[in-house]
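What follows is each chain in one-letter form.
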Amino acid sequence: MRIGPIKVPGAGLAKGLAVTMRTMTKRSVTDQYPDVKPELPPRSRGVIALVEENCTVCMLCARECPDWCIYIDSHKETIPAPEGGRERQRNVLDRFAIDFSLCMYCGICIEVCPFDALFWSPEFEYAEFDIRNMTHEKDRLQQWTATVPPPPPADPHAQRPKELEAAVKAAEKARVDRGSAAAQVTPPAAKDESA
Amino acid sequence: MSLVDVLEVALRIVLVLGAFLVLPLLVGQTEHKAMAHMQSRLGPMYAGGFHGWAQLVADGVKFAQKEDIVPAAADRTVFKLAPAVALIPYLVVLVAIPVGPGLVAQDLDAGLFFVLAVMGIGVLGALMAGWASANKFSLLGGLRTAAQLMAYELPFILAAASVAMAAGTLSLPGIVNAWEPWWLIWQLPGAVVFFVAGLAELQRPPFDMPVADSEIIFGAFTEYTGLRFALFLLAEYAGIVVLCALTTVLFLGGWHGPYDEALGWLWTLLKTMALAFVVIWLRVSYPRLREDQLQRLAWKGLVPLALAQLALTGVVAVVV
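For the record, the sequence lines run as chains A and B.
Going by this note's numbering, the first residue of the first sequence is number 5, and it counts up by one from there.
Going by this note's numbering, the first residue of the second sequence is number 11, and it counts up by one from there.
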């Protein structure tokens, strides 16, 4: 090491000692995991939770899954015809299972679900001693929905959700149609209320 | 010899044995925790409940349970004897180290000579282990130990000789009695040489070429298991205690300090433990020296420095 133009002998040795001593006086970075639960970041991909009531057995998740690790069984149920109507059929979910020994946590099933039946849960303590026990049925998947956190607030200046944007646009269009010739268009109040 | 004398000798032996069994474990535990925190870790946290204080006890129990294996091609007698040869000299050295004024298990007239001679034997344990194991890694480790011993014994003894010259005595309590605070400056190069050479004799990092695990597994101790292996590890930590105690006695004034009539033993212990911490600190901070760097440091660095210290001590001792 050099201090100015002078090379100080042994300065490097002292610097090495200083680094270790400084590290010792700081708090260590170790997480005491089993004793202290870790603070996971938002959107942690721990396990996939299923809201069974929302599932329509559309099979999109099972078909999009790159690992084919989602198993779905269902049957059709006939709803008796109401007064003056005709009878309808609907799908009833018999089995929904995810094999977490195959799952690669890509989250495509959750992205693709049109009915908000699948969610990421940060829960990660579901290790098993046997790989065959990693296939979790719908009752277990349903239990994990309780651990799904509310979505984190949007980042500042983030784009608003598509649904909200569409609603605002529709409202604005309706206002313009009603005001017709009026030159001034007041900005909609909804614009300031970010989601 | 009356009964009182016998009891007194027994008490002294028990005290020395107690220190021999407790202090190395204390250093080992300090190493666990200090090294961990220097690397931003926590170290053992579970054994014993409070911050892993019983980790080394648990390690000892584990080692005691393991199978004691002697390789088929090994020289059985030497192989089995080696751990004792490595460990016992440090126990013997502790007998001669003064802890407080008049507080020494055995006051020897030629204490310094005795201590240096016996400490040299400790290294023989590693040499025997390396030779008797019938393993090429053990042999390499043993030979490296031998080379290191050859190189570092000389500056080690020269530095110690400088203090003996300054104090005009070979008795360890005599040296501490003659010690004065300004010796800290006067004997500083000698102290550094003594401490560094001692580290190298103990094969502590950064001088751990003989046990370099990334190259030769664990050097001379490769074939050892169970209790015999534990004894080698204990010998390493006992060696640290002995080296630090000796450096304290020779260069840091032993029991000298405030209220040293009553608290002398505490000062010796504190200085020893502070030095032991430095040993750990050096281990964490520096990478291992290569074999050629090791030899160069000894012959081109420490030996000339020790000789210069010897000359300085001679001149000052004559003038003062």
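No lab work stands behind these hints, which were simulated from the structure alone.
Ideal placement from N, C-alpha and C gives every residue a C-beta, glycine not left out.
Careful: at least some of the hints might be erroneous.
[What the hints assert, rightly or not] Interface residues of chain A toward chain B, partial, derived using beta-carbon atoms under 7 Å:
{"hint": "1", "residue": "L21"}
{"hint": "2", "residue": "T24"}
{"hint": "3", "residue": "M28"}
{"hint": "4", "residue": "S32"}
{"hint": "5", "residue": "T34"}
{"hint": "6", "residue": "P38"}
{"hint": "7", "residue": "V40"}
{"hint": "8", "residue": "N137"}
Which earlier hints turn out false for this structure, listed by number in ascending order?
-> Hints 6, 7, 8 are the ones this structure does not satisfy, whereas the remaining hints hold.
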